[in-house]
Amino acid sequence: MPADKYKNIVEVARQRAMEHPDRNCVIFLEDGEKPVVGSGTSGSMTYLENDHAARQVAAALQKRGIKQGERVLVILPNSLEFVKVFYGCLYSGILAVPLSEPAGPQNMAAYLETFLPTLKVSKPSLLVATSFMVDFLRNQLPPELQKVFAGLAIASVEEILAEKDVEYS
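Everything in the sequence shown is counted per our numbering, starting at 1 for the first residue and increasing by one.
Quick caveat, the hints were computed from the structure, so don't treat them as lab data. Please note that a few of the clues may not be correct.
What the hints assert, rightly or not - In silico DSS-like links for lysine-lysine, alpha-carbon gap of 27 Å or less:
1. Lys-67 <-> Lys-7
2. Lys-147 <-> Lys-63
3. Lys-63 <-> Lys-120
4. Lys-120 <-> Lys-67
5. Lys-123 <-> Lys-63
6. Lys-67 <-> Lys-123
7. Lys-147 <-> Lys-123
8. Lys-164 <-> Lys-67
9. Lys-164 <-> Lys-63
10. Lys-120 <-> Lys-147
11. Lys-67 <-> Lys-147
12. Lys-63 <-> Lys-7
Can you make the complete structure from the sequences, with help from the hints?
In structure tokens:
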């Protein structure tokens, strides 16, 4: 299919999965040269793996009641997990609102100052983050901020990716 025939990036991703299933779609490089090996950011993902992961994440989001046009706040490092969640949002017509994660636990107060305006403006239906961030938001949030997060569904990326028995529609 010629490039001008694609309506959106999802069509491109699906076409690549059909035409080039074994080619790399994403490769994370250490220092821009060597493939990264390690938890969360390891290696690469093929077009077919990306398509399967995106469909699985889209189904997991649909199962949680997130509808087309709603927003999901995604707080993840640059990683394969981020790519899976981002494409899952695209596949299901959900708007991903990406935010970088805090630099570390010692920076949470400063992070929340920049994070809160995005939360208020984007009005997400779900927040997907690392297990560290989810634990912080569920158990360590300062009392004065707890009401800001009341009613916001929060899930770890591990929870979303673990939902294997869901079907994308």
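Outcome of the hint check:
1. Lys-67 <-> Lys-7: Judged against 27 Å, a Cα distance of about 20 Å means the pair holds.
2. Lys-147 <-> Lys-63: Holds. Lys-147 to Lys-63 sits at ~26 Å (cutoff 27 Å).
3. Lys-63 <-> Lys-120: 24 Å, holds
4. Lys-120 <-> Lys-67: 19 Å, holds
5. Lys-123 <-> Lys-63: 20 Å, holds
6. Lys-67 <-> Lys-123: Status holds; Cα separation ~14 Å.
7. Lys-147 <-> Lys-123: 14 Å, holds
8. Lys-164 <-> Lys-67: Within the cut-off at roughly 19 Å; holds.
9. Lys-164 <-> Lys-63: 11 Å, holds
10. Lys-120 <-> Lys-147: The given pair, whose Cα atoms are some 12 Å apart, holds under the 27 Å limit.
11. Lys-67 <-> Lys-147: Holds. Lys-67 to Lys-147 sits at ~24 Å (cutoff 27 Å).
12. Lys-63 <-> Lys-7: 26 Å, holds
In this structure, every one of the numbered hints holds.
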